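Q: Each chain, letter by letter, is given below.
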Amino acid sequence: MKALNYLRADTIDSALQYLDEFKQDIRIIAGGTDLVVRLKQDMVKENNILDISRIKELNGIFRENGTIHVLPLTTHTDILESEVIDKYAFILREACATIGSPQIRNRGTLGGNIVNASPAGDSISALFVQTAKLKLKSINGERVVSIEEFFTGPGKTILKPNELLVDIFMPELEENETGFFKKLGQRDALAISVLNVAVKMRRRGAGTNTFDRAVVAFGAVAPTVVRGRRVENAIISSSLDSSKQIHYIARLAFREVSPISDIRASLKYRQDMSINLLYEGLLDLRANDWKRKT
Amino acid sequence: MIMEDFKYIGKSVPRIDAADKASGKIKYMSDLNFPGMLFGKILRAKYPHALIKKIDTSQAKALPGVVAVVTWEDVPGLNGFGIVTPDQPVLCKDKVRYIGDAVAAIAAETKELAEKALTLIDVEYEPLPVVDDPIKAIQSDSPKVHDDGNIHLHTKVVRGDVRKAFEEADLVIEHIYCTGEQEHAFLEIETGIARIEEDDILTIYAGSQYPQRDQMQLSRCLALNPCKIRVVSYPVGGAFGGKDELTIQPILGLLVLKTKRPVKMVMTREESVISYWKRHPMIMKYKTGVKKDGTLVANKVIIYADTGAYASLGGPVVNLAIEHACGPYKLSNVDIEGYCIYTNNGVSGAFRGFGVPETAFAIETQMDIIAEKLGINPIELRKKNALQKGDIAPVGNKLTTSVGTVAVLDGISKTKLWKEREKYLVKNTKKPWIKRGFGFALTYQGTGLGVGLPDYGGAILRFCENGGFEVGVGLVDYGQGIGTSYAQIAAEMMKCPIDKIKVVLGDTALTADSGPTSASRGLYLGGKATIIAAEKMMTVLKEKTSEMLKVSVDNLDAENGYICMKNQPEKKISYEEIAAQFMKETDHLPETEGYFLMPLADMKVENAFGLPHHIFAFSAHLALVEVNTLTGQTKVLKGAEVIDAGDVINRQGLEAQSEGGFVMGMGYGLFENMIIEKGIFKTTNFSTYIIPSAEDIPSDIETVTVTDPEETGPYRAKGVAETVMCATAPAITNAIYNAVGLRIFKLPATSELVYTLLEKKEEKCNESTN
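Chains as they are written, first to last, in this note's numbering: chain X, 1 to 294; chain R, 1001 to 1770.
Please keep in mind that the hints were generated in silico from the structure rather than gathered at the bench.
A portion of the hints provided could be inaccurate.
What the hints assert, rightly or not - In the SDA-like style, the derived pairs of lysine to any residue whose C-alpha atoms are separated by at most 20 Å in a straight line are:
#1 R:Lys1116 x X:Leu39
#2 X:Lys40 x R:Phe1039
#3 X:Lys2 x R:Thr1119
Stated by the list, open to error - Which residues of chain R face chain X? A partial, calculated answer using Cβ under 7 Å:
#4 Lys1430
#5 Thr1631
#6 Thr1688
#7 Ile1690
#8 Asp1696
Please read all numbers here as calculations on a predicted model, not as lab measurements.
Glycine residues also receive a C-beta, built at the ideal position from the N, C-alpha and C atoms.
This is chain X alone, in the form it adopts within the complex:
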C-alpha cells in the first residue's frame, strides 16, 4: 500500500475548500468500507485522502414537509435503527439490512454506497424506487439531481471532482404504498449481490390487486442500477390477481436488464433471476395482502 497524504475536514465548507484545492488528486473517505479495500489492492490513484467522517452537518435523519432526509454520513446501522426510516422509507431499510455484516453496516455510510457507484450497491436500487434526490455542493454552488441521473457507469457518476454529496432526500412512503427489496447473494451475509430488485407500488384501494403507481429497479444486472419501466407499466395496466399473471409481468424483467457473466454468476442465471426474484417478491407481497414485510 502506498503512502498517502491524509487531510481532515470538520465542516462542509472546509471539505469543499480541500476538494477545490486538490481537484483530481483527492479521494474522500467516510466509512472506508470500500476505499480501504481498494487502497490495499493499490487501486487508488489519488495521493490525498480527505476524511469527512467527522463533519457533523452531514450526519442525521430527519423529516421535513413530507420529505425524509438521510444525510450522507448516516451509517447503514443508523438507518436500521431509525423509526422514521422504518415507517416512511422501509424499502431502503430492507436494502440496508442486507448489506455486508454488522461490522460493515456500523461503518459503511449511505453516501459512500451511492458515490461508490457499484452497479451492485444495495441501497441504490431502493433509493431508485423511493425516487430519491441528491444534493451536490461545491464552492461554486449547489445542484439537485435525481438518483437515476447520478450514475453514468460502473463506479462512474456525474459528481464533479470539486463536488460533495451533502443530502439524500426522498418523499415519505404513503399509507397505501407498498414494496420490497430483495437480494440474491452467494450466501446470507457478507455477500455482494448477484442481483437485487426493489419495488414500490401504490395500491388503488384495499381489496384490490391493482396499482396506480409502480417503480421497479434492478441492481447488478447492468452497468448501473436500472429502472424497470416495462414492468412498471405492466403492473399499472393490469390486475395482479393470480400468480400466473404476476409471472407474466415478472418475465418482462428480462427486457430490462443487460447482465454479464462473472465469477459470481452467469449472464443467463442473472437474467433468469431478475425475473424470478421479482416474481418471488411480488408473490410474497400478495400473500401478505400487499402489506410490507414485517
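Keeping the supplied structure of chain X fixed, place chain R upon it in accordance with the hints.
A: Only chain R this time, still in chain X's reference frame:
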C-alpha cells in the same frame, strides 16, 4: 472400566487454551516481533507454466533498505521439498509450474521496501502451454508439467471378479461425480518469524502440523545439521491439513541465514490462496452392481485427482480415496483405480478427510439412488451391507478393531432431527416454490498413516516443582482440542487436578516426536503415549514415596495429588513434597517418556502404499434442507451427526468438532467453488471464494454419540477429526433430491447449479409429456 469412575475422562472439560485465546493473550506467530527484524516477501511466478530464461536481481539488490535478495542459487541444500517426493523447488531455477511458484525472495527493512523490491526483479520467461485438464493431462500428447510425465501415481486395487459380479447384478448404477477444489480457509494465514538464537540455532516460529518433519525437510533444503534447527509450530490458528506440508518455512530460513537477522513473513489471503495447498478436485467414475434384495455385489471406480504442480501428499490422498471408495460396506468384487495427476492448477495436498469426503459424496449418492430404485429403506440398505467387526473390508483387510457402522445407523433414529423430521417436512402452502427435504449419508475414516509407514506417538512428562506435570507432545492443537484431551488424560492418570497439568505442543526443542498432526491420529497416538509416560511417572513417584515412607511400593496408591498408603489413606505425601525431595537429593526433577506404536492391519495392499488402515471411526450425517426452486438456493435448516468415537474423552470438545465439521462439509457441499481458469485463480479471497457465514449455518446441529469402544485406544477412544466432515455434503445433496427430485453429481451444489439443473429437468419433463 466404567466412565463414572473418572474425574476428567468423558466429561465436558473447557478448553485449557480457551481463555487465553478469547482474551487475545496467546501470541500467534504474526504477533511476534524481534528487535532488528526484517520483512520477507516472495516473488511468485508470472505464468502458471513457463521456462525461466533469466533472473536479474541487480536492481532489487541496489534498492537502499533491501538486505538480501535470494534465488535458487542461494539455496544451500536440496532445492526441493515435499513430504513424499521433494519435487517442489524452494525457489524455481529453470521452470515454473504454477502461478504461486516461488522464484525469488527479498528481506528488507520494511514491508513496503520489500514490496517495492519485488517489482525490480526482472525475470524473463518463455510461457508454455498450460496443463489444466487432468483427463487430458494423462494423454500421451499432453504437454508435461514434470519431465517424467503427468501421472504422479497410478494405483489399482482389484479383488474378486468384477465382470462376473456385474453380470450377476440385478441393477447397475453408473455415474460420474465431480468435486471441487476446497480451500482450508484457516483464520491464520501462513505466517512466520525466524532468527538465529543461542548456540547458533536457527529457530523458526511458523505454525504447522509436524515440527520434527519440518525440521528434517528444512535441514535438507538448508544443508544444516537438524540439531541446529528448532521449529516452533504452535500456537497455530487453524490448519485442517493445509499446514502439513511446508509453506513459507524454507524461504524464511534461507533469508535468516543470508542476512543473519530476524525475518518475519506474513502472507496476504490472496497470496495464500494462489500459493498453498488445497483439496484435490476429483472426477470419479462409479459403477456399482447390486442384487434385487439390496446386496452390493460389485464396485468399479476410477478416480482422477488433480494434484496440481507438485506431489506433496497427492499420492497418499488418492490411495486413501481408493481405500474408502466403497464406503463402509461389504464388497468382495472391486476394481478401484486412481490417478494422481500433475497439472498447472495450483497445488493440492492434505485436507481434512484426505480423499474421503470426495468418495463419500460419490458412494453415498450411489447408495441413495440404489435404495430408491430398489424401493428399500436407505438405512436398511446400508445396514444390510454394513461392514462389521470380523468382516473383510473392500480392499481385503480383516476388520478386527471396533466397527461402528451398525451402531451409527441405529443411532440415526435417536436424533431429534430424525424423530421430528415429518413435522419439519410439511408442505409450504404459502410459498409452494420452497421445498423441504431430508437426507443422510454414512462415512468412515481410517486413523493413522496406514501400513508401510512407521506410525507412532511420543510424549514427554516432566515433573514440576509445584507438584504438577508438563506434557510435551510434538503434535499441535490447531483447533481440534487435543491439548485439552492430553491434560485430561495426564490429570486422570496422575490423579491430580487438571490445573496442575501444563501442555506443551509442537516444538522440536521441548516435545517428543509424535508424528504428524493429521489422519485423525492426534488423540489416539498422543493420548496413548501420554498414558505410557504417565504410568512410568507414577512408578517413579511411588518409588520415591516408598523410600520416604519406608513402605513397599505395592502398598501405595495415588489420590488427588498425593501418594498415600493403601490401608491408611491419611498417611500420605503430596506431589509437591515429593518434588521437593527430588530437588533436595539431586537438584533435578524426573521426566519420563512414552512411546506407542500404532497397531497395523493384518495385511498390506500390494502396490497401494499406506493401505490398509486398521482402526476406523464412523459417522452418519443428517440434513434438513429447504430449496428455493425459483433461485436454486439451498438453505440447511437443521443438521445432525451420529458419531462412533469409541469412548468420548471430552464431550464438549467432540460436539464442537462435530459442529465445525458439519459446517465445513456444508461449505464443501454448497458454496466453496475455487475457480481456476488456465492456471489463474479467480477466487482469491473470501469476497469471491464463498465459505458459509454465521447466517448460513443451521441454528441447530445435533451431536449424538454411539459408543463402540476401541480397546486399543486411549481410554478406548478413537479420533474423529475428519469423519465429522466427510459425509455432510452427500447428506445435503441427498436432502436436495428428497426436496426437489434432483440428483447432484457435482460439488459444490451452488444456487446457480441447482437452478440450472432444475430448469433442465423441467424441460425434460415437458419433452416427455409432449
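Q: Given Thr1688 (chain R) was flagged as interface, is its beta-carbon under 7 Å from a beta-carbon of chain X?
A: Interface hint status for Thr1688 (chain R): holds (5 Å vs cutoff 7 Å).
Q: Ile1690 (chain R) was flagged as interface toward chain X. Is the shortest Cβ-Cβ separation under 7 Å?
A: Holds - the Cβ of Ile1690 (chain R) comes within 7 Å of chain X, reaching about 4 Å at its closest.
Q: Please work out if Lys40 (chain X) and Phe1039 (chain R) have their alpha carbons no farther apart than 20 Å.
A: The hint holds at about 18 Å.
Q: With a cut-off of 7 Å, does the beta carbon of Lys1430 (chain R) approach a beta carbon of chain X closely enough for the hint to hold?
A: With a closest approach of 5 Å, the Lys1430 (chain R) hint holds.
Q: Hinted pair, alpha-carbon criterion (20 Å max): Lys1116 (chain R), Leu39 (chain X). Please report holds or violated.
A: holds, 16 Å
Q: Does Lys2 (chain X) pair with Thr1119 (chain R) here, judged by a C-alpha cut-off of 20 Å?
A: holds, 14 Å
Q: Under 7 Å is the threshold here; is the Cβ of Asp1696 (chain R) close enough to any Cβ of chain X for the hint to stand?
A: holds, 5 Å
Q: Is the hint on Thr1631 (chain R) kept, meaning its closest Cβ partner in chain X is under 7 Å away?
A: holds, 6 Å
Hint compliance for this structure: no hint is broken.
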